[in-house]
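S.K.: Chain A is fixed; fit chain B onto it per the hints.
Protein chains: 2
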Amino acid sequence: MSSNNGLQVQYEPNEMGSIRINQQLKQFYKNICTKETLKKKFPISKWLPKYSLSDLQCDVISGLTVGLTVIPQGLAYAKIAGLPPQYGLYSSFMGCFVYCFLGTSKDITLGPTAIMSLMTGTFAISPIPNDATYAIILTLMCGVVQLVMGLLNLGILVNFISYPVINAFTSAAAITIAFGQVKHIFGLKNIPRDFLPMVYDTFANLGQTKVWDMVLGFASLVALYLIKKLRSIKWQDEDEPKSTSQKVARKFLWLFGTGANAVVVISAAGIAASLISMNIKDKITITGHLKQGLPPLQVPAFSIHTRNITQSTGEIFSKIGAGFFIVPLLGLVETIAIGKAFARQNSYKIDPTQELIAIGVANIISCFISSYPVTGSFSRTAVNSQSGVRSPASGIVTGALILLALQVLTPLFYYVPQAALGAVIISAVLQMIDWKILKILWNVDKIDLVPLIITFISSLVIGIEYGIMVGIGLSLLMLLYPLARPKLKYINQGNILVVQPNQGMNFPSAEFISETIVQKATEGGSNRSVIFDCCHIYNIDYSAILGLKELVIDLEKNKLQVALCHVQPTVLEVIERAEIQNLSTYTTLDIALQELPVYNVQGSRQCEEDESKPLLRKF
Amino acid sequence: MSSNNGLQVQYEPNEMGSIRINQQLKQFYKNICTKETLKKKFPISKWLPKYSLSDLQCDVISGLTVGLTVIPQGLAYAKIAGLPPQYGLYSSFMGCFVYCFLGTSKDITLGPTAIMSLMTGTFAISPIPNDATYAIILTLMCGVVQLVMGLLNLGILVNFISYPVINAFTSAAAITIAFGQVKHIFGLKNIPRDFLPMVYDTFANLGQTKVWDMVLGFASLVALYLIKKLRSIKWQDEDEPKSTSQKVARKFLWLFGTGANAVVVISAAGIAASLISMNIKDKITITGHLKQGLPPLQVPAFSIHTRNITQSTGEIFSKIGAGFFIVPLLGLVETIAIGKAFARQNSYKIDPTQELIAIGVANIISCFISSYPVTGSFSRTAVNSQSGVRSPASGIVTGALILLALQVLTPLFYYVPQAALGAVIISAVLQMIDWKILKILWNVDKIDLVPLIITFISSLVIGIEYGIMVGIGLSLLMLLYPLARPKLKYINQGNILVVQPNQGMNFPSAEFISETIVQKATEGGSNRSVIFDCCHIYNIDYSAILGLKELVIDLEKNKLQVALCHVQPTVLEVIERAEIQNLSTYTTLDIALQELPVYNVQGSRQCEEDESKPLLRKF
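As you go down the protein sequences, you meet chains A and B in turn.
Read left to right, the first sequence gives residues 1 to 619 (the working numbering).
Read left to right, the second sequence gives residues 1 to 619 (the working numbering).
Source of the hints: derived by calculation from the structure; they are not laboratory data.
Some hints could be false.
Unchecked claim - Straight-line Cα separation of at most 16 Å, EDC-like style, residue types lysine to aspartate or glutamate; simulated pairs:
{"no.": "1", "chain 1": "A", "residue 1": "K46", "chain 2": "A", "residue 2": "E36"}
{"no.": "2", "chain 1": "B", "residue 1": "K439", "chain 2": "A", "residue 2": "E579"}
{"no.": "3", "chain 1": "B", "residue 1": "K319", "chain 2": "A", "residue 2": "D590"}
{"no.": "4", "chain 1": "B", "residue 1": "K349", "chain 2": "A", "residue 2": "E550"}
{"no.": "5", "chain 1": "B", "residue 1": "K549", "chain 2": "B", "residue 2": "D590"}
{"no.": "6", "chain 1": "A", "residue 1": "K319", "chain 2": "B", "residue 2": "E315"}
{"no.": "7", "chain 1": "B", "residue 1": "K349", "chain 2": "A", "residue 2": "E515"}
What the hints assert, rightly or not - Some chain A residues near chain B, calculated using beta-carbon distances under 10 Å:
{"no.": "8", "residue": "L140"}
{"no.": "9", "residue": "V144"}
{"no.": "10", "residue": "L157"}
{"no.": "11", "residue": "N159"}
{"no.": "12", "residue": "S162"}
{"no.": "13", "residue": "S318"}
{"no.": "14", "residue": "R344"}
{"no.": "15", "residue": "L441"}
{"no.": "16", "residue": "S475"}
{"no.": "17", "residue": "L479"}
{"no.": "18", "residue": "P482"}
{"no.": "19", "residue": "F507"}
{"no.": "20", "residue": "L546"}
{"no.": "21", "residue": "A578"}
Every value quoted in this text rests on a predicted model; they were computed, and no experiment measured them.
Note that the Cβ used here is the ideal one computed from N, Cα and C, for glycine as well.
Bound conformation, chain A alone:
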């Protein structure tokens, strides 16, 4: 995720500070103006000149196939985002267009996803039903954060979300989403959004099940399962030559399987329409009237003014709060993970920084057409790849199909049963749940089960948005703990105690190190001066300076001395500038032992041969 043309501040022991940064700045400005950089920023300029007619054929087919998948998914996902169905379509086309120009993967297709819909429904719920003000502001800010991260090469942040945390979060989100659709399958009303109350109320209200909804819902689920199976049929005569008709038939079955969502939704809508014509209208829950036509092109509203509710920009921003950070990061994680997976599978490379810029720009532009946040969709990217896509141009076809649907098909969506959309969602998200990881981690690395299980449980119990934060925080703490509590090696040299920490001295560890040394030097009535062996300390910060100062002062109270040895040049420079009184530094341990004015010095041992002793502190 780091890159060779960005402004990247590194803290290295040997070249701290301004010289390196200046060079990088120069390189950065130089790189901005080259043709190579422009090509890198607009990857379309790389593939468009070589684009052929056969590429176009493949892209049209895959573009249409993806379009067939995204239309029913979009209608359904908008519900998860707490928005009317047309917003799912509004969110589906602009990403495809933008990605065509800026994307570095031929397979990725941007648009609404289950996770992003859930996050939108969690962080950006307007106080007015069916109002998208919050969602659209989230889209804009999500894009801005992603674009800024891309320009500053902050894609590295993705590396700090560990695999078990993503895995547990995804499973918990899938369960939340899937269970959230059970109410649609059974035709229940007024079920809350939070997971635990949702489960409780769903079961408590099962008595009010609408039979026709349930029948249609379960039929859709079964149909989806069976039709999707067609895609993965293994023919026994795979390797034998086949006739054209055989090939066409098999291709058709595959296409039929891939378009399962569309097939089921259309059939269910047909059934619902005939049921309604038979006057059993009230017994089936349908989508109802959708706003027809393309979304308006407009600058987002940054405040809400209605007769009853007025909310300022500040209020809206503070309500979305952590969403401005979590949602762009999740979008980034999804896109990068998908992009890398398909790049590896199809033997090409993606540029994560450029991907970040692409989804950032896609979100920023999308907010002007009332979209909620978009990112790379795993299921549709897979469909795209399997349909033989050759370039991101297929996105243009997908986008065009969606525009056509918005313009022409919206009246038909009136009859789509909610239960069928619920089935589409359930069948899409259930495959996101990964139970196998539990067994794998149990066998391979049990420690990683801790963030996994805690993320999973807290996502379900206290909410998906807090679960991911708890998980990230916990895994970072597990990473940081050893930095805060370094191991100290002790060597007794008569009246002198030699101490050697196994790593750098920074703000999490500085106080711990100095307090531990003072305690060790004065414990059991035997007061010993201290030689602090810095051979493993490559960097030091101001907190460490304060720690050293306290060490010197605390030992002076006991009339003891502190000396440093094996200090790296860069560390020495900082310590010298800090002018700590009564702290002497020596080149080697031997010299330090000879110079410190104490009795019973009996030679020295090498760093590497020291006896290691476990660390015990009182507090």
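M.R.: For chain B alone, coordinates are given in the frame of chain A:
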């Protein structure tokens, strides 16, 4: 902050996993039941048996002095918290009582502080003016979080807030608070709470200054400055013997200086009362009627129900949001920092874990008497220490004095001018601003200026609550960056590339390491098999396993092999359990070089002698 009797999960290379944790659990449960533990949890049992009459004398004097300081401070700080003045007094006494039983420092005095008042006013502002529902819920949860952190030994979290971040946050908070009082000094109305709009509106409205407020405000400021000076007078004949009257006179001057707040507030109230009796009532802003008497003892309300506004527990909790984490952590930082400073000065030790429990319990109990969150106060702890306090028993005296004030003095507070309270606050917080740190860091360690300046600016510009989060996040990222981008050493051995990372392979670095190696091994058309030297890798997680798997698969595509050498036993165990196909491990680099089936192997070199090469990646 870690402790010897708590459940402490450590990830050590040599003793991973369950055995150690089991032992710790046993030790933990064993420790719970000893007399020693009970003594540790109730430190009063240590000092009370030895308590003497002379201790009592000292504690009464210091308790009264602190009480004299906290009463005017409490009235003033409650304004910062957005609450009526009596809440400052409600918050002042219970902490003193609880700390007497549970605290481990003789000097610390708990109660309302400027920072906690600001945080309460930021995170817990009720939609109903003067309503404390939010603040009281914050107190309860703050206590619960602190108590849980104490019981789980999570005080270590404090170590992850670096000195420059705390310093910058404190200065920014002091500036925000001080400038927030300018409106009271000038008698201005309707000034917003956020810093930038507040500064703008304050200047824009200067024309509406109330002259009497301004005169009283500036007079109070000058008086406070001069009277406080009395405390620090250096007498030239310090060492000479003095007569009793001289001693008494000097002691009286010191006491007068220490009680500056009370002196100024009482005088200002007297002046205001006489002005009002002279019928210039409208020209001076006074505190007005306070609710008299002790606060009601009641279970906190967890929701708001009025005619216009209804808010559920969930809504209130989600509005306070990050406050439930930031406020307890800041309270902890304040108490520990103060406790350690005075413990060092007076040569005793505090137990940070027990301090955490003490402030946790203090907050939990305080919420039943309508208190907002309390913590250790630096200014009053200093007064306590200088007054010669001997034990936490002085808190009882302080608390009793406040109860007396609530019962008897509240009618007198009616006349206290707002301008005088504003002056009390300004004179208290201005000394919290630390400019010197800028020069020190510039000289000693310029890198630390980055989190300092960014925390300071973002605290003022985007809000104090976000500033601290930005600062903590940034300083952690600076700490984590080297973990995510380890340095790789390369040695060319003919057709074999030997790679040696300088530290462990964990989730932030796993993908980076494997991608970098693949690129290096296949760059420039020269395909080389890879020996991955693990001599500096002491721990590994599941992400690293995935990284190794990807490394093997990606190199296999180029018909290249991967071998590991110098694998630590614990790391080897994890790798073997993961059963990565086609990954061979060898004891030493020499053996690996001999066994890998490639040409041109020409012996090997030692780990430590490898040529180091800077790392360049494409992305």
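S.K.: Now tell me if each hint is right for this structure.
M.R.: Hint check:
1. K46/A - E36/A: Satisfied, since the Cα-Cα distance of roughly 10 Å is no more than 16 Å.
2. K439/B - E579/A: Answer holds: K439/B to E579/A is near 14 Å, not above 16 Å.
3. K319/B - D590/A: 61 Å, violated
4. K349/B - E550/A: 14 Å, holds
5. K549/B - D590/B: 24 Å, violated
6. K319/A - E315/B: 11 Å, holds
7. K349/B - E515/A: It holds: about 11 Å lies between the C-alpha atoms, which stays within 16 Å.
8. L140: Constraint on L140/A not satisfied, violated at 17 Å.
9. V144: For V144/A, the interface hint is violated, since the closest Cβ of chain B sits about 14 Å away, which is over 10 Å.
10. L157: Holds, about 8 Å.
11. N159: 4 Å, holds
12. S162: For S162/A, the interface hint holds, since the closest Cβ of chain B sits about 4 Å away, which is under 10 Å.
13. S318: Interface hint status for S318/A: holds (9 Å vs cutoff 10 Å).
14. R344: 7 Å, holds
15. L441: 6 Å, holds
16. S475: For S475/A, the interface hint holds, since the closest Cβ of chain B sits about 7 Å away, which is under 10 Å.
17. L479: Hint on L479/A: holds, closest Cβ of chain B at ~6 Å, below 10 Å.
18. P482: 7 Å, holds
19. F507: 4 Å, holds
20. L546: 6 Å, holds
21. A578: Holds - the Cβ of A578/A comes within 10 Å of chain B, reaching about 5 Å at its closest.
When held up to the earlier numbered hints, the structure conflicts with 3, 5, 8, 9 and fits the remainder.
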